[in-house]
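Go ahead and model the full structure; you've got the sequences and the hints to work with.
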Amino acid sequence: MVQIDIISNMMSAIRNAEAVRKKEVVIYPSSKFAIEILKLLKREGYIEDFQVINDGRGNKLRIILNGSINDCKAIKPRFPVNKNNLTEYVKQYLPSREIGILIISTSKGVKTHRECLEENVGGVLVAYVY
1 MVQIDIISNM
11 MSAIRNAEAV
21 RKKEVVIYPS
31 SKFAIEILKL
41 LKREGYIEDF
51 QVINDGRGNK
61 LRIILNGSIN
71 DCKAIKPRFP
81 VNKNNLTEYV
91 KQYLPSREIG
101 ILIISTSKGV
111 KTHRECLEEN
121 VGGVLVAYVY
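According to the working numbering, the residues represented by the sequence shown are 1 to 130, in order.
A portion of the hints provided could be inaccurate.
Once the Cα atoms are required to be at most 30 angstroms apart in a straight line, the calculated DSSO-like pairs of lysine-lysine come out as [stated by the list, open to error]:
#, residue 1, residue 2
1, K76, K39
2, K22, K108
3, K76, K91
4, K83, K108
5, K22, K60
6, K42, K22
7, K42, K32
8, K60, K42
9, K23, K39
10, K83, K23
11, K83, K42
12, K73, K60
13, K39, K83
14, K60, K91
15, K22, K73
16, K73, K108
17, K23, K60
Honestly, the hints are just simulated from the structure, not real lab data.
Here it is, written out as structure tokens:
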């Protein structure tokens, strides 16, 4: 059995599809965590929409792109962060404080680094997008 990192595969597929200016990408398999990340990306305006396709095996995700992603990548290993050291990771992964988001998995759900700073919560770094 092969270990699959669904989030890393999803981010790589999105980055590659954006690089060749495709309008949509289909990712297999999906997970609830990947769907939560896609909801966050849609809310932040990085993707246009997504759809879960139930194929009876592992479900597929059809993502409609809008061409606004320059780079996105899963962060490995997934570092635990708190409010105090979050700015260090923003400097490390994002090109500027105003450009892009860090995606963080918290006890209150999947959030951006800005939301974590406002709500004073920490979590685990998952990915970055800009």
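#### Entry: Hint check against the structure, violated hint numbers in rising order
Hints 2, 10 and 14 are the ones this structure does not satisfy, whereas the remaining hints hold.
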